[in-house]
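Residue numbers (the numbering used here), protein chains in the order written: chain A, 1 to 339; chain B, 1 to 281; chain C, 1 to 320.
Any given hint could be a false lead.
[Said to hold, decoys possible] Mimicking PhoX-like on lysine-lysine, the simulated pairs with C-alpha atoms at most 20 Å apart in a straight line are: (1) A/K49 x B/K40; (2) A/K304 x A/K289; (3) A/K336 x A/K301; (4) C/K165 x C/K263; (5) B/K104 x B/K10; (6) C/K26 x B/K104; (7) A/K336 x A/K304; (8) A/K49 x A/K291; (9) A/K49 x A/K301; (10) A/K291 x B/K10; (11) B/K49 x A/K70; (12) A/K209 x A/K183; (13) B/K10 x C/K263; (14) A/K209 x A/K288; (15) A/K288 x A/K301; (16) A/K70 x A/K209; (17) A/K336 x A/K289; (18) A/K70 x B/K229; (19) A/K209 x A/K134; (20) B/K40 x B/K131; (21) A/K291 x B/K49; (22) A/K291 x A/K301; (23) C/K263 x B/K162; (24) A/K301 x A/K289.
Because the hints were derived from the structure by calculation, they are not lab data.
Next come the chains, spelled out residue by residue.
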Amino acid sequence: MLIGLTRRVTLAIAISGALFGAAQAEEITGAGSTFVNPVLSQWSSDYSKITGDHVNYQSIGSGGGIAQIKAATVVFGATDKPLPPAELAQSGLAQFPVVIGSILPVVNIPGIAAGRLKFTGPILAEIYLGNITKWNDPRIAAVNRGINLPNIPITVVHRSDGSGTTFNWAHYLSQVSPEWKSKVGEGTAVQWPTGLGGKGNEGVAAFVKQTLGSIGYVEYAYVIQNHMAWGSVQNSAGRFIAPSIAAFQAAAATADWTHSTDFDLVMTNAPGVNSYPITATTFVLMYKKPKDAARSAAALKFFKWSLEHGQPQAAKLDYVSLPPALVRQIEAYWAKEIK
Amino acid sequence: MASALALRRKGANAVFVAFCAVMTFLALGLLVMILYSLLKNGLGGLDSKVFTMTTPPPGEAGGLINAITGSLIMCAIGMVAAIVIGIPAGTWLAEYGGDSLYAKVVRFLNDVLLSAPSILIGLFVYEIMVKPLHGFSAIAGGAALALVAVPVITRATEDVLKLQPSSLRESGVALGTPLSTTIRNIIWRAASSGIATAGLLAFARISGETAPLLFTSLGDQFQNWNLMKPTAALPQVIYQFAMSPYDDWRRLAWVGAILVTGAVLATQIIARIIIREPDRQ
Amino acid sequence: MTISAAPFISTAIGPPRRGGLDQLFKMLCFSAATALLAALTGVIVSLAIGGWPAFKAFGWRFFTNTTWNPVTDVFGGLGPIVGTLVTACLSLLFALPTAFGVSIFLVEFAPRAIRQPIATAIQLLAGIPSVVYGMWGLFVFAPFFAAHVQLPLAMAATPGSLLDKLTSGVPNGANIFTASIILAIMILPYMAAIFRELLLSVPTQLRESAYGMGATSLEAVWKVLLPFIRRSAVGAVMLGLGRALGETMAVTFIIGNSHELPKSLFDSGSTIASTIANEFTEATSAMHYSALIALGLVLFMITFVVLGIARVLLGALKTY
């Protein structure tokens with residue numbers, strides 16, 4: 001009899017909890033990086049079917065995400081460029097990564113199909129600095145023996161709008177080329193020494209497709225969906241790596257997260273024999289002591305679910321989930337930092 | 001002999017008529033080309049799902065209903081505010097203000113606001129509505145759209161009213177009616193077609209605006225009826241989806257573009273029917 | 001003492017004021033105008049506040065420097081400013097005669113039955129979202145232009161000639177010339193619609209008197225109709241110019257987005273609006289943000305100057 005009663009009480013609590021929970025569906029607003037938009041919208045849609053909470057993420061750009069979370073008009077912001085711990089402490093923000101993507105160089109050269117061309121970091125920097133101007137330059141030919149490179153000028157295509165993709169690309173070039181680092185530097189927007197600006201990944205892809213002899217940098221998802229001619233890039237271990245989910249995960253695994261404070265680490269040029277060198281992370285920013293604690297907690301539940309169960313959806317959209325060790329590190333960080 | 005001059009005049013006239021015809025067909029041809037692109041890319045995606053489902057993540061079936069309702073609500077707010085402020089303001093400039101210094105200043109600043117990049121107008125509304133209230137909302141989006149539409153309506157209303165012949169006004173005075181009645185019953189009615197054109201131009205303008213909504217209504221992938229919360233809008237969804245690499249999102253973007261263009265066309269046709277003008281031509 | 005049978009009619013100039021309702025109406029209109037003024041002033045003031053740090057840091061160099069470096073926080077707006085002026089002028093150059101031709105055709109020459117349909121069709125151009133113009137421009141118009149106009153011209157021009165200088169540039173159709181064309185298509189419907197309304201408001205006696213004297217259509221339009229609507233027509237041009245100066249989305253797609261000064265018609269450039277749209281959402285440093293707002297304020301200044309010139313020119317013309 002007692003067991004029956006317990007069962008009935010449990011059932012009653014469960015039902016009322018479900019009803020009560022459904023009636024209290026949370027509305028959480030987030031904003032920021034365009035890069036994560038597809039995967040966050042997928043996670044949000046699936047999460048709302050399971051829990052009824054609406055996580056409304058809008059892509060207004062990393063700068064927008066940072067500005068909005070600082071102004072407390074959203075519950076979380078997303079940025080491709082990590083904030084330094086000093087700035088985080090000043091605003092009372094916590095920061096953690098959610099997903100990994102990568103950037104590929106794409107070309108439009110007659111006769112060169114996807115995956116044939118090889119680049120080293122310094123060569124990419126020289127091209128974007130305007131120091132290498134023809135495709136049959138000896139420096140390019142040196143790493144591409146056996147390929148007949150035509151004598152046509154290189155048209156450099158870059159982003160016209162500020163973006164996390166540019167930040168990671170420029171950061172990578174700064175790491176592999178001292179001249180780039182001193183002349184141009186890194187940022188979500190930089191002063192490009194040469195080339196045309198396309199708006200968004202789409203704009204760069206369109207320009208590269210339309211202009212013979214051009215080179216651009218585009219996110220992995222765009223390259224796959226648009227069947228573009230990408231080139232492989234040499235990593236810090238000296239191997240030429242073709243982009244693949246495995247190569248990106250290898251980069252994530254070897255990046256030094258444990259020694260970073262507030263996960264302030266840009267993953268490009270990760271060490272590791274199989275790492276693809278131009279991988280990027282998107283970070284989420286949230287308040288450590290939020291005014292709206294209920295919504296903040298609901299947002300954390302959403303991210304917990306996404307990090308633990310969101311891998312299939314991410315892979316379907318050509319994103320890379322974080323390795324399990326990193327997920328554990330993030331969850332420990334939450335327990336410590338976010339109230 | 002007059003014939004040489006007559007020939008010259010006739011020839012010049014023929015060239016002029018040809019020029020006008022060519023310009024018209026050029027404009028129509030461009031319209032056809034753009035509509036063709038619109039229809040070619042989007043017509044295939046136009047089905048009942050568009051009107052029943054909300055914006056989906058990539059790869060899933062979905063529609064645009066949240067963006068449609070959001071756009072309707074915010075354009076309605078914007079147009080109502082713009083008409084309520086713009087038509088009286090234009091009337092004041094044409095009938096009461098005349099050439100006074102105050103009128104000159106208002107007129108001048110109105111023209112300046114006409115050319116403001118709409119993103120800056122959105123930013124202004126962000127500073128006064130979104131930041132203090134700590135949240136994006138449909139109302140803020142409507143306010144930004146109103147600020148974009150008001151100068152259009154004010155400018156066009158003033159121009160159209162000023163062109164009404166003064167004999168209309170004199171007839172009102174001669175009958176002993178107060179100026180306000182003259183304006184409302186005679187001048188507005190005479191200029192109704194022009195004012196309607198002004199309203200349609202303003203609606204056409206704001207129905208396609210993305211930039212002012214970026215920082216005011218933000219957007220929402222779910223259906224939202226709460227005016228104080230972020231809301232989706234068709235131009236914002238079009239922009240977001242068109243710049244993505246996913247085919248189904250891009251198809252939805254073109255469908256959205258067809259919807260916006262179709263809405264503008266429908267409003268024009270309906271307005272012409274309502275403001276049935278005796279054939280002035 | 002006679003009681004006058006006739007109602008008292010004031011000899012003061014103007015219609016008699018019947019108290020409350022009339023004054024209320026006038027007050028309402030005045031409040032609307034004042035509300036408008038308040039909003040405009042608010043926008044300008046908030047821009048000035050936001051842009052002040054940039055002006056203070058760079059001074060006059062903001063207007064003369066082409067360096068736009070978000071990494072070192074050095075900003076000079078000459079590139080976008082020149083680009084804005086050039087695209088606005090070019091687009092007006094293309095759109096004005098076209099709008100003029102279209103409106104005249106609709107009012108004077110078109111067969112009666114198709115007048116309204118064509119007018120509605122032209123206005124439909126105004127209803128197409130600016131994003132669509134951008135996409136159409138980038139994916140359809142730019143390649144077409146590059147293949148059929150830019151490349152042939154560049155190949156036909158002898159090196160060193162003026163034509164060569166004017167047509168040099170990467171042949172991918174993304175330049176200030178194509179951006180101006182797209183802008184022209186966008187502002188055409190506004191101007192054409194207003195021109196048409198103005199032409200229709202010309203009193204029939206005026207039109208009849210011109211034709212009655214045996215004038216050809218060209219002469220009637222040029223010498224009678226246009227002078228009559230000239231003042232208000234400038235208003236239509238202002239509407240078009242306003243759109244051309246402030247258009248954001250369509251231009252960013254197709255202008256090529258380089259902060260350098262364009263060296264030829266087919267060179268890429270940027271406008272103030274496109275620069276703001278491109279970089280605003282990602283601007284992370286305070287100085288970058290401030291420089292973008294300052295650019296917005298510069299656009300207002302440009303509009304002030306252009307409108308001021310227009311008014312001076314109009315003032316010199318005699319009213320009809």
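Would the hint linking C/K165 and C/K263 be met if the CA-CA limit is 20 Å? Holds - the C-alpha atoms of C/K263 and C/K165 are around 8 Å apart, at most 20 Å.
So if I understand the rule, the pair passes when the alpha-carbon distance is 20 Å or less; does A/K336 with A/K289 pass? Holds: A/K336 and A/K289 sit about 12 Å apart, inside 20 Å.
Next pair to validate is C/K26 with B/K104; report whether the Cα-Cα distance is within 20 Å. The given pair, whose Cα atoms are some 18 Å apart, holds under the 20 Å limit.
Would you mind confirming whether the straight-line C-alpha gap from A/K291 to A/K301 stays at or under 20 Å? holds (17 Å)
Can you confirm whether the C-alpha distance between A/K209 and A/K288 stays at or below 20 Å? Violated, at about 45 Å.
Going straight from one Cα to the other, do A/K336 and A/K301 come out at no more than 20 Å? Holds - the C-alpha atoms of A/K301 and A/K336 are around 15 Å apart, at most 20 Å.
Taken at face value, is the distance from the CA of A/K183 to the CA of A/K209 at most 20 Å? Violated - the C-alpha atoms of A/K183 and A/K209 are around 29 Å apart, more than 20 Å.
Measure nothing beyond the straight line between the CA atoms of B/K10 and C/K263; if it is 20 Å or shorter, mark the hint as holding. Measuring from Cα to Cα gives roughly 44 Å; hence the hint is violated.
Need the status of pair A/K304, A/K289: alpha-carbon distance at most 20 Å? Within the cut-off at roughly 18 Å; holds.
Restraint check for A/K70 with A/K209, where alpha carbons must lie at most 20 Å apart: violated (39 Å)
Does the structure keep A/K70 and B/K229 at a Cα separation of 20 Å or less? holds (19 Å)
Next pair to validate is B/K40 with B/K131; report whether the Cα-Cα distance is within 20 Å. Between B/K40 and B/K131 the Cα gap is close to 42 Å, so the pair fails against 20 Å, i.e. violated.
Checked against the numbered hints given earlier, this structure breaks hints 1, 5, 8, 10, 11, 12, 13, 14, 16, 20, 21, 23; the rest are met.
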